[in-house]
Amino acid sequence: MMVHFADIFISGFIIGILISAPMGPIGMLCIQRTLNKGRWPAFFTGVGAALSDLLYCLLTGLGLALITDFIEENRNLLQFLGSLVLIVFGIFLFRKNPASALKKPSDKGNTFWFDFLTGFLFTFSNPLILFFIIGLFTQFDFLKPEFMFYHYILGYIAIFCGAIVWWYGITFFVNKVRNHINVRSLWLINRIIGSLLILMALGGIFISIKGWL
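Residue 51 in numbering that gives the first Met the number 0 sits at position 52 of the sequence shown; the count goes up by one each step and never skips.
No wet-lab data here; the hints were simulated from the structure.
Some clues are possibly wrong.
[To be verified] Derived lysine to any residue pairs resembling SDA-like cross-links, with alpha carbons at most 20 angstroms apart:
(1) K143 - V46
(2) K175 - L34
(3) K143 - W39
(4) K36 - G210
(5) K36 - H179
(6) K36 - F111
(7) K36 - G168
(8) K143 - D6
(9) K143 - G210
(10) K36 - F119
(11) K143 - L34
(12) K36 - F171
(13) K143 - G62
(14) K36 - V46
For clarity, every value in this text was computed on a predicted model and none was experimentally measured.
Model the full structure from these sequences, guided by the hints.
Below you can see the structure in the form of structure tokens.
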């Protein structure tokens, strides 16, 4: 039982970080707000994004939970397809120019609630993240028939915690190096994260093919 709790918490925590980590538009917005407004407005923007990601995770989990038997019977196929999704996303992230998402926001007089709301809406407006979440859920074997509802409660809390830790860390880091960060640094971050996703996906493909043999 304790192993299940530990496994789902660690998996959820890593999923939360990986969902938040790609330097897409919301990441660029948080970095820009850190540089222009300070750390905490950017952090609350990230909290809004984390809540949106959690909502999509809940929708994904509830949808997949209804077909748990199908997942169990087709685990290798789903892992293979989920790994392909991660590879495509990793390649896209590796090649993406982060400066293309950078726009000047009009933040005068904003409150933390406004930062939170814009982060939530900005992230929620991209439902394609569902495919990424499905890939991560499959990759980390997040849904298991033997898990009870309290396992999933812990797992979703862990996802939110992972996302919060990411946004806390990235805003802290950017605030510390605000005089040294540039687009080249963002390129490097994107390529590191993209490369990790690709390597992880290749590992998932290897495991799924091994399961078929």
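Hint-by-hint comparison with the structure:
no. : hint        : in the structure
1   : K143 - V46  : 28 angstroms, violated
2   : K175 - L34  : 10 angstroms, holds
3   : K143 - W39  : 37 angstroms, violated
4   : K36 - G210  : 51 angstroms, violated
5   : K36 - H179  : 17 angstroms, holds
6   : K36 - F111  : 11 angstroms, holds
7   : K36 - G168  : 17 angstroms, holds
8   : K143 - D6   : 11 angstroms, holds
9   : K143 - G210 : 17 angstroms, holds
10  : K36 - F119  : 18 angstroms, holds
11  : K143 - L34  : 42 angstroms, violated
12  : K36 - F171  : 13 angstroms, holds
13  : K143 - G62  : 14 angstroms, holds
14  : K36 - V46   : 16 angstroms, holds
Checked against the numbered hints above, the structure violates hints 1, 3, 4, 11; every other hint is satisfied.
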